[in-house]
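Q: Sequence:
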Amino acid sequence: LEQVLGRKCGGSTGTNFYGVITLLKQMQDHNESGSIVTLICDDGCRYLHSYYNPQWRKERGIDVAPYLKQLELFWTTGQWQAVD
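Residues in the sequence shown are numbered from 1406 upward in steps of one, following our numbering.
These aren't lab readings, by the way, just hints derived from the structure by calculation. Careful, some of the hints might be misleading.
[To be verified] Below, in silico cross-link-like pairs of lysine-lysine (DSSO-like), each with a Cα-Cα straight-line distance of 30 angstroms or less:
{"#": "1", "residue 1": "Lys1413", "residue 2": "Lys1474"}
{"#": "2", "residue 1": "Lys1413", "residue 2": "Lys1463"}
{"#": "3", "residue 1": "Lys1474", "residue 2": "Lys1463"}
{"#": "4", "residue 1": "Lys1413", "residue 2": "Lys1430"}
{"#": "5", "residue 1": "Lys1430", "residue 2": "Lys1474"}
[As the list claims (entries may be wrong)] Here are the simulated distance ranges between beta carbons:
{"#": "6", "residue 1": "Phe1479", "residue 2": "Asn1458", "range": "37 to 47 angstroms"}
{"#": "7", "residue 1": "Ser1417", "residue 2": "Lys1463", "range": "17 to 27 angstroms"}
{"#": "8", "residue 1": "Ile1441", "residue 2": "Lys1463", "range": "11 to 21 angstroms"}
{"#": "9", "residue 1": "His1454", "residue 2": "Gln1433", "range": "31 to 41 angstroms"}
{"#": "10", "residue 1": "Arg1465", "residue 2": "Ile1445", "range": "23 to 33 angstroms"}
{"#": "11", "residue 1": "Glu1464", "residue 2": "Gln1431", "range": "33 to 43 angstroms"}
{"#": "12", "residue 1": "Ile1445", "residue 2": "Lys1474", "range": "17 to 27 angstroms"}
{"#": "13", "residue 1": "Val1442", "residue 2": "Gln1484", "range": "14 to 24 angstroms"}
{"#": "14", "residue 1": "Val1469", "residue 2": "Val1425", "range": "17 to 27 angstroms"}
{"#": "15", "residue 1": "Thr1427", "residue 2": "Gly1466", "range": "35 to 45 angstroms"}
{"#": "16", "residue 1": "Gln1433", "residue 2": "Lys1474", "range": "15 to 25 angstroms"}
{"#": "17", "residue 1": "Asn1421", "residue 2": "Ser1455", "range": "12 to 22 angstroms"}
Even glycine gets a Cβ: it sits at the ideal position worked out from N, Cα and C.
Put together the whole structure using the sequences plus the hints.
A: Dropping the structure here:
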């Protein structure tokens, strides 16, 4: 989100956004249309030493690379592919 919006966001915003994209994919699969609204809950600054810290994620076995690839594909092509 930071790369697209130009600002950091907290984990709840990321979770909401991921859910929105998942819902968009489901709607597309069922040939449905409609509006979806979500919120940017906080600026993410409180997570600089955790979620935004690569060492912190590594120590906890959190690999965001597959999800970053998934989101990059969505931004550039509109395609949403499941992460294995």
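Q: CA of Lys1474 to CA of Lys1463, is that 30 angstroms or under?
A: Given that 30 angstroms is the threshold and the Cα spacing comes to 18 angstroms, the pair holds.
Q: Confirm or reject the claim that Glu1464 and Gln1431 have a C-beta distance inside 33 to 43 angstroms.
A: holds (35 angstroms)
Q: For the pair supplied as a hint, Lys1413 and Lys1474, is the alpha-carbon distance within the 30 angstroms limit?
A: With a Cα-Cα distance of about 18 angstroms, the restraint between Lys1413 and Lys1474 holds, given a limit of 30 angstroms.
Q: Honestly, do Val1442 and Gln1484 meet the 14 to 24 angstroms range at C-beta?
A: holds (23 angstroms)
Q: Take a look at whether the Cβ-Cβ distance between Val1469 and Val1425 falls inside 17 to 27 angstroms.
A: The hint (17 to 27 angstroms, Cβ to Cβ) holds, given that Val1469 and Val1425 are roughly 18 angstroms apart.
Q: With 15 to 25 angstroms as the target window, see if Gln1433 and Lys1474 comply at their CB atoms.
A: Holds: the Cβ-Cβ distance is about 20 angstroms, inside 15 to 25 angstroms.
Q: Would you say the C-beta atoms of Thr1427 and Gly1466 sit inside 35 to 45 angstroms of each other?
A: For Thr1427 and Gly1466 the Cβ distance comes to about 23 angstroms; the hint is violated.
Q: Under the criterion that the straight-line Cα-Cα distance not exceed 30 angstroms, is the pair Lys1413, Lys1463 satisfied?
A: holds (20 angstroms)
Q: Taking the beta carbons of Arg1465 and Ile1445, is their distance inside 23 to 33 angstroms?
A: holds (25 angstroms)
Q: Is the distance from the Cβ of Ile1445 to the Cβ of Lys1474 consistent with 17 to 27 angstroms?
A: holds (23 angstroms)
Q: Note whether the CB distance of Ile1441 and Lys1463 lies within 11 to 21 angstroms or breaks it.
A: violated (33 angstroms)
Q: Could one say that the CB atoms of His1454 and Gln1433 fall in the range 31 to 41 angstroms?
A: At 38 angstroms between Cβs, range holds.
Violated hints for the displayed structure, listed by number in ascending order: 6, 8 and 15.
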